[in-house]
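2 protein chains.
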Amino acid sequence: MASFRVQTPQRTYDAIVERGAIRRIPEFLPQKCGKVFAVTTKDVWNLHGSAFTQIPHNVIFFPGGESRKRISEVEAMAEQMLAAGADRSSVVVAFGGGIVNDTGGFLAAIFMRGIPVIQVPTTLLAQVDAAVGGKTGVNLVSGKNLLGSFHQPLAVLIDPDVLKTLPDREYRAGLYEIIKCGVIRDANLFRLLDEDIASVLAQEPAIVDRIIADAVRIKAEVVSNDEREGGLRRILNFGHTVGHALEAETQYSRFLHGEAVAFGMRAATVLAERVTDLKDAADIDRVIVNYGPIPSLKGISAKNLAARLVSDKKTIQGNVHFVLPTKIGEVTVVSGVDYAQVLESIEAVLGGG
Amino acid sequence: MASFRVQTPQRTYDAIVERGAIRRIPEFLPQKCGKVFAVTTKDVWNLHGSAFTQIPHNVIFFPGGESRKRISEVEAMAEQMLAAGADRSSVVVAFGGGIVNDTGGFLAAIFMRGIPVIQVPTTLLAQVDAAVGGKTGVNLVSGKNLLGSFHQPLAVLIDPDVLKTLPDREYRAGLYEIIKCGVIRDANLFRLLDEDIASVLAQEPAIVDRIIADAVRIKAEVVSNDEREGGLRRILNFGHTVGHALEAETQYSRFLHGEAVAFGMRAATVLAERVTDLKDAADIDRVIVNYGPIPSLKGISAKNLAARLVSDKKTIQGNVHFVLPTKIGEVTVVSGVDYAQVLESIEAVLGGG
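Top to bottom, those sequences are chains A and B.
For the first sequence, position 311 (counting from the first letter as 1) is numbered 311 according to our numbering, and the numbering increases by one without interruption.
For the second sequence, position 45 (counting from the first letter as 1) is numbered 45 according to our numbering, and the numbering increases by one without interruption.
Isolated chain A (complex conformation) (with noise of 0.2 Å):
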């Protein structure tokens, strides 16, 4: 088992990684608690539910998707937990993919203003990104993730077995998360997963928990540093500037957010050549691709995805923001680069895509 600490302003819990975690959420309940709130979708309650077999709970059904991902959902997720008996010592229980740790998370952190959650994720991605850090939210119609709260959980539970149910597609959209992470703080795990790809492909366990726990590690570090995106916690957009305005440019129906983060990844790993003299380009490119196929990008326009920019969250005024390497384990955030440039390393990924 590997646990590791995250250091908040607000809240300091720990991230487990270990086999058989999503049992233990019993542990990590308050010791004055109300009801549990399993918020979940019915494919992973069929899949993993009991897990609760042993906690008394209600569970709450989120109906999935990414165009579910939306306030109004959770309004409705409030008023059955009302109806169900929540109260302020009540506990949620986020217990699915990226999508419902999002949204699960922020019906914890807005309900009666704010009552706590545990974050079981089921997917790879999940496990890697959306559970550790606090950060909460749902969509707009104007972009991904602009309502949300910076609300840390209890606890995050991280139990690679569940990856045993996940289809191969999922699974390497959530590798790309793991790349991006040696990419800006790890030339080590970057160089385990260019040589031992056939081991993590093949999902083999003990590479398996090795590369979630040096992400889960990474992410934890740097959120503990920085919980609200001032600083240092902005590296972990690298590949996602770019990434954002694929997703939006294609309805969040094309592309799963990992294969986004891919694609902006190689556009960003083209302008770092450009504007940070990267000498690593070539390497990181090929293990991106290496991972892949990500679906085709046939038919997506480079000027559309650039003008879509200057709309994505990170852009403060009017100013673009790219996480650019310096090398591999290290990056740098650029502000002000030339929109041409942005455009034509948009343009080199399309072509090559």
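Wrong hints could be hidden among the right ones.
Derived DSS-like pairs (lysine-lysine); straight-line CA-CA distance at most 25 Å [to be verified]:
1. Lys144/A x Lys303/A
2. Lys144/B x Lys35/A
3. Lys298/B x Lys144/B
4. Lys279/A x Lys327/A
5. Lys298/B x Lys144/A
6. Lys144/B x Lys42/B
Cβ pair distances, simulated, as ranges [unchecked claim]:
7. Glu195/A x Asn225/B: 51 to 61 Å
8. Ser142/B x Pro30/A: 20 to 30 Å
9. Ser301/B x Thr250/A: 48 to 58 Å
10. Val333/B x Thr326/A: 28 to 38 Å
From the derived model, a few chain A residues whose C-beta atoms are all more than 10 Å from chain B [what the hints assert, rightly or not]:
11. Leu47
12. Asn58
13. Ser67
14. Arg70
15. Ser149
16. Ala248
17. Asn304
Because the hints were derived from the structure by calculation, they are not lab data.
Glycine included, each C-beta is placed from N, C-alpha and C at the ideal position.
Dock chain B against the given chain A, drawing on the hints supplied.
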């Protein structure tokens, strides 16, 4: 001018009570300030919008009314902000009565996971209650303020001059919350309200400024001791347990919040005579009644009100909590009060209403 420091784990800020304070907004904007969004109602804007003459700003009109205090309206305002170019450096100025303070504050709390808000309350009730202390939120069908956040403002600007345009009934509704402050924590304030009732009702500036400052001082002290209502802050709920039930029972349309609290304080005072051996019940009741009338209580069922208490937000694991005076200026929080006694207390006030 009077200024009261509010110190909470989240933020330290000042609540300023001063004639002309609504024109001091620019002093409290952050140094790196993006677009300023005034969240207000058309009525308030027509009367006092000139306070923004010197500030580049966008206006978001909230339709107003308790029935519109819903998460769907917050979402609609967020979409309007996005369309007007809002980003993480934007600031909300919640400029209106309690509903605007609660809703505008909540909008700021969740927009892009939190942007700053300045609270500028324009009703007496909001000045002495909603605007100080960081509680924000909206209603569910199941009850009032059931979704929300604690989001402390950059500053609270309380301008007694704006009360000149307030209808008499709304002014008196605010006075009940000031009476509450006297009962729970300040016998001198209570006596002043008792003895100088003519000057208070005539809105003589010296006494109006004095009682608002007293109430804001008390709220600032209490909130600084207990941001999240784990302990001391609960005393602010004197009169609110039964008051909330009355508002819900009458669909939030028959009584102003302060009027419902006045009724709730009367019921709690009767209950305190029985439970905490309060000797000053007659004095408390007289002052509340003298600041009346509150609208007729005809047709309201004591049993229905008592039944609603169990679904109140303050109910924890089925236990209803009452804030009961022990003498003027001191209260205690009591749980496990006998249902029959609660019912009798409500009946006593309904009968006399």
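Consistency of the hints with the structure:
1. Only pairs whose Cα atoms come within 25 Å are accepted, and Lys144/A paired with Lys303/A is accepted, the gap being roughly 20 Å.
2. For the hint linking Lys144/B to Lys35/A, the alpha-carbon distance of about 21 Å falls within 25 Å, and the restraint holds.
3. For the given pair, Lys298/B sits about 23 Å from Lys144/B by alpha-carbon distance, which is consistent with the 25 Å threshold.
4. Restraint check: the Cα-Cα separation between Lys279/A and Lys327/A comes to about 7 Å, which is no more than 25 Å; the hinted pair holds.
5. A C-alpha spacing of about 50 Å is found between Lys298/B and Lys144/A, which places the hinted pair above 25 Å, so the restraint is violated.
6. For a cut-off of 25 Å, the pair hint linking Lys144/B to Lys42/B stands: about 24 Å separates their Cα positions.
7. At roughly 58 Å, the beta-carbon separation of Glu195/A and Asn225/B lies within the given 51 to 61 Å, and the hint holds.
8. Taking 20 to 30 Å as the suggested C-beta distance range, the pair Ser142/B and Pro30/A conforms, at roughly 24 Å.
9. Under the hint 48 to 58 Å, the C-beta atoms of Ser301/B and Thr250/A, about 57 Å apart, fit the expected range.
10. Evaluation of the 28 to 38 Å hint for Val333/B and Thr326/A yields a failure: the beta carbon distance comes to about 58 Å.
11. Distance check for Leu47/A against chain B: the nearest CB is about 30 Å away, which clears 10 Å, and the non-interface claim stands.
12. With a closest Cβ-Cβ approach of about 15 Å to chain B, Asn58/A is found to remain outside the 10 Å limit, as its non-interface label requires.
13. In this structure Ser67/A is separated from chain B by more than 10 Å, as the shortest Cβ-Cβ distance comes to about 15 Å.
14. With 10 Å as the threshold on Cβ separation, the claim that Arg70/A sits away from chain B is violated: the shortest Cβ distance comes to roughly 8 Å.
15. With a closest Cβ-Cβ approach of about 6 Å to chain B, Ser149/A is found to fall inside the 10 Å limit, against its non-interface label.
16. In this structure Ala248/A is separated from chain B by more than 10 Å, as the shortest Cβ-Cβ distance comes to about 13 Å.
17. No Cβ of chain B approaches the Cβ of Asn304/A within 10 Å, the least distance being about 18 Å, so the stated non-interface status holds.
Violation of the numbered hints given earlier is confined to hints 5, 10, 14 and 15; the remaining hints are satisfied by the structure.
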